[in-house]
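All chains should be modelled from the sequences, with the hints used to inform the complete structure.
Protein chains: 4
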Amino acid sequence: MTANPRATDASNRRLRLGMVGGGPGAFIGAVHRIAARLDDRFELVAAALSSNAERARAGARELHIVPERAYGSFSEMAAAEKSRPDRIDAVSIVTPNHLHFAPAKAFLEAGIHVICDKPLTTTVEDALALAEIVRRSGLIFGLTHNYTGYPLVRQAREMIEASELGRIRVVQVEYAQDWLTTPLEQTGQKQAVWRTDPAQSGPAGSLGDIGTHAYNLACFVTGLRCDQLAADVSIFVPGRRLDDNVQMLLRFDGGARGMLWASQVATGNENNLRLRVYGDKAGIATASAKHASRIPSGHPEGYLEAFAQLYADLAEQIAARNAGRAPAPSSLLVPNVKDGVAGVRFISGVLESSRQNSAWVNLPRS
Amino acid sequence: MTANPRATDASNRRLRLGMVGGGPGAFIGAVHRIAARLDDRFELVAAALSSNAERARAGARELHIVPERAYGSFSEMAAAEKSRPDRIDAVSIVTPNHLHFAPAKAFLEAGIHVICDKPLTTTVEDALALAEIVRRSGLIFGLTHNYTGYPLVRQAREMIEASELGRIRVVQVEYAQDWLTTPLEQTGQKQAVWRTDPAQSGPAGSLGDIGTHAYNLACFVTGLRCDQLAADVSIFVPGRRLDDNVQMLLRFDGGARGMLWASQVATGNENNLRLRVYGDKAGIATASAKHASRIPSGHPEGYLEAFAQLYADLAEQIAARNAGRAPAPSSLLVPNVKDGVAGVRFISGVLESSRQNSAWVNLPRS
Amino acid sequence: MTANPRATDASNRRLRLGMVGGGPGAFIGAVHRIAARLDDRFELVAAALSSNAERARAGARELHIVPERAYGSFSEMAAAEKSRPDRIDAVSIVTPNHLHFAPAKAFLEAGIHVICDKPLTTTVEDALALAEIVRRSGLIFGLTHNYTGYPLVRQAREMIEASELGRIRVVQVEYAQDWLTTPLEQTGQKQAVWRTDPAQSGPAGSLGDIGTHAYNLACFVTGLRCDQLAADVSIFVPGRRLDDNVQMLLRFDGGARGMLWASQVATGNENNLRLRVYGDKAGIATASAKHASRIPSGHPEGYLEAFAQLYADLAEQIAARNAGRAPAPSSLLVPNVKDGVAGVRFISGVLESSRQNSAWVNLPRS
Amino acid sequence: MTANPRATDASNRRLRLGMVGGGPGAFIGAVHRIAARLDDRFELVAAALSSNAERARAGARELHIVPERAYGSFSEMAAAEKSRPDRIDAVSIVTPNHLHFAPAKAFLEAGIHVICDKPLTTTVEDALALAEIVRRSGLIFGLTHNYTGYPLVRQAREMIEASELGRIRVVQVEYAQDWLTTPLEQTGQKQAVWRTDPAQSGPAGSLGDIGTHAYNLACFVTGLRCDQLAADVSIFVPGRRLDDNVQMLLRFDGGARGMLWASQVATGNENNLRLRVYGDKAGIATASAKHASRIPSGHPEGYLEAFAQLYADLAEQIAARNAGRAPAPSSLLVPNVKDGVAGVRFISGVLESSRQNSAWVNLPRS
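Residue numbers (numbering that gives the first Met the number 0), protein chains in the order written: chain A, 0 to 365; chain B, 0 to 365; chain C, 0 to 365; chain D, 0 to 365.
No wet-lab data here; the hints were simulated from the structure.
Careful: at least some of the hints might be erroneous.
[What the hints assert, rightly or not] No farther apart than 20 angstroms at their CA atoms in a straight line, the calculated lysine to aspartate or glutamate pairs in the DMTMM-like style are these:
1) B:Lys337 / B:Glu42
2) A:Lys280 / B:Asp177
3) A:Lys81 / A:Glu108
4) A:Lys280 / B:Glu269
5) B:Lys280 / A:Glu157
Below, the structure written as structure tokens:
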């Protein structure tokens, strides 16, 4: 039993954090704020919480942000922060998918590190453009595929890296939810509305929302690249405009074969993400637990702590950059813009395969 | 708490049972014998336990079978039993797959009911021919897809029949074993040898051995017909001649989508068969338990009792036939020759899809 | 994967089995018959199934027993079988507790091996007298504490014998059922009536019915002797005449401390028997699985097979005796009359402690 | 899916929190700080982190506390804070057990609300004296029995309050750990040293450390009062000075019977707290999950969030007091000084019963 070293690391000042999106009623914004606060490495000092300027400012007040840094828009915020001596070290972008690209670009161009929710963008073109901006800027870019922050998931990755499973043969991954079993979006429920709206979510529904998590998890843990996929994309709920169930076959480099299932109509599944990997020496299974309190029903225990792990990793990267030292190697495990590009290519590939009646589609190397 | 009514039903004499295959060293033969004995409705009185006549007779002696009914071959047995006044009521065929067709045909033509292990045959042509023979004979033909005998499985089927799940949307089924993770057949292990030998097993390995169970279970429980499949069939163990891992997408009539995974190289899985079905009202999951004693490692608890259920159902069908009355409706749930044909068509379809790089293949209606 | 050697052991004829008690409607009789049949080592040839002579004979006919061996009472049966050349090798006594002693004595005096349900008797005096009769007779006496027949339980015992847990410190055992949560006996339910009737069950209710199983399991697995107990015995259901919940502290030789809980009013527990043992090197937990079909709701999977294990062990002991050879050592694990005496002393000690307001009571060495 | 209302409640300023104990190396201090931070209702502004003044000040600097409020002792801190206009609203006392009483008294007398770790004190006299000080002061006193903060636990309490279980009959509670299976204290491990030292822990080892949690949980969930207990207290590890295993029988008002087991030598149990309650209508079981990251191995998922729940409840009580309004009723569920007295009386009763060879001991009403 030892204390958490991070909590008593005095060598770092608290980093100044800004937030774009995540105002009142936005679930993921609160999660990011708690995660940033958990290890006390970040302090939220600036925000553009809503695309509605008035709501943005009111929300910021509730979060104890001083009025001059309660911005009405992300562009105003990027411009103003850029010129402050105490400008934010990093910004968290927690808007719907279609609003990731523009603020990410704006803050990178303002010289500010970016922490962005997934999926990276709604098109492959935007994803590649953003990757190029990150490359040129030399700034840190974290993508919050939060499942990579679970201790169990990192341990699984280490086991496979250490060849404890031998050569990987089979990869089975699934992410099953049931909250869209009915046409919830027609009731006006905010989370459902934007996630089923092509204008806000892009061309993918459950695929972008949770399929990308499953895909990222499989790649993160196995260290394998997916070369080909053959997918069947379904919309089960009448009137819905984006997919609510996707099933696919996967082929990985080195010959491993896999299956991926993501569903938001799997009745009785609150939020079950499960990965199983079988090698010629051993196999592993990861599954998430139940019953948390500050987060939506069904999200796994440890959810906040896994998110906090990503924030802690990014704090370490930023603090190391500020101090001119190398970051702790484990902090580099946090997904970055390349993982973001891979995720958007995955979405694009799945939709392409489905258009071709589940033909195998090649995934280009990032 | 009530006693089992079957055990005290005095209106029926014990039925006379014969067995083809299942001599010493054959696992499934012992399972069938225990299953037949469990409810005391059958008595084993005749057998051709091996294709080696001497071993066949020696084995029969060990099973307390009188010498005159310890036959050296199935054809000898069919001929002799046909003309006995106390001839067997039914025969159990528990040989490797390539030896199902000929004895089934012989006993049907001798007027004897048949209980046959799965898969029905190794080719679609044989399957159709056998179905025609059964049709003409009017005899009872049971196919021992033993998982259909589990109380839990039957309950799941009833729930779906009663529309408790609503319209079915997603069907996920998997059967994972690990006993062929290494080239066990190269050690001469008997079970591994015949199951990986195309001459004895036919063109399918894990697909025929366990994939058919998964497929049958999915169809049995949901009552849905599978219209199309797109499959990826793999051989992971170097030198193996038949598949040891199959993954596929399924499309059912009515629009439900599914996935099926069967593997004998899923390290760490002794014997895990799992079906999940999600409708627009509810979902169900079935999974098999662990730790039995008289059966191979990993086979689920209740395995013997589920097998016994099929024998009890067939005893009921035969006794009803003998008595000129209608059988109990539940006894008709035991799979029959049509299910056998569907299983062989499934195997054929999977192999065809795999040959076409996982293209969708239509499954003809039986 | 290997066939069960017992099923193909030709060196032994089927042993002739008789049964006392266990007529239609008696749950445990059917279980014993299936268990005896499972490995085909016993054939049921004689019975006195009921204390009502007419019902006894009718029941025997249903079980295919020839009329001359369908006896009207156990004493008639003991006398008749004693003088037959083909007399039964062993008798199973599956009557309510108060009817164990007299038939056991009668058959032992007729020179016939005895298989008896637990608890051995309803008084310590009878238990000791029976043990003395067994000793003098030199006959085999098996007590069907069926949980000792589970592979998992035997493996746990072996682990402890092999010092894999180190010195045992803590033993926690519990057996929780809920079928007597309501005054079921007042509805006339047969199983409930005799189990809550002091005249048939003796002075202990849940204590004798399931507490003795828990106690026997703890002693069987750990190999420890219980020296002292301090017990609190309760009747929760108004009007009930025997205990339905017992809780106690245990002290074992060597210093281990334990707790035992047995309850038939533990709402939501169909039939949960659980043992946990902690040593200074390691700990183990055993728990029973769910969902069987031929047995009362909640009894664990493998129940029939565990019972069958005891019958197989006793068949081995009897066959070895008949052949003048030593029995397989593992067959001696089946509980015997000494375990029966220990069980009755346990019951007596618990009731004594409870009368003294849970004072510690010493258990005499058997 | 809704955002957490607490995080967006603008009506309250952040409360000022102080801490006594919990310096570097102290596990529970970091937990309290994270818990206080999670919902952003408290800000840590003052501390006396260690009884060593120099270490206390160094630790405070690491936690971003301004030097003038980095105190060298709790008495200095109580005196100084009392006279500040921005004095702390509340103080968290996270010292070893023997150092709860004095600082709690000092801060209460300084007019500051107290949040204190359990057990309240090391003697019943101190507990009663503290309860009297709280009563006279009218201040808020929270006792961090953190398990009462779990959503599942609160739900269980509500179910029982709503009579969903009917009249309670049986209460089984256990808390099993294994970290003291070996004489860890002899290696100098800090957590083990003070917990096994009578001078720091008081007269109870595992009993005070985890037995009180189990007892509190059972009383919290059932709403029952324990009237009597009969206990067996053991020291299994040679050379240890305080108990490492306790087992007891419990009698509750209204007639329910229970058992409690707390052990720190239950090999293989990292941290398993489990409560089962059975009434005449239904039963419930609560169990804690696994795998957290910022806390000692084995502590359940949700541990931080449950602690945070208590802090959120106390923030609500304090904010309501400050605003002159009634607190939200659910915030009153957090254990208070009366629960602390009951816990110390429980410890005292257990030790008394054990001294009397497990005789039943009455627990006085608080």
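Taking the hints in turn, this is what the structure says about them:
1. B:Lys337 / B:Glu42: 27 angstroms, violated
2. A:Lys280 / B:Asp177: 11 angstroms, holds
3. A:Lys81 / A:Glu108: 9 angstroms, holds
4. A:Lys280 / B:Glu269: 14 angstroms, holds
5. B:Lys280 / A:Glu157: 41 angstroms, violated
When the structure is compared with the earlier hints, violations turn up for hints 1 and 5 and for no others.
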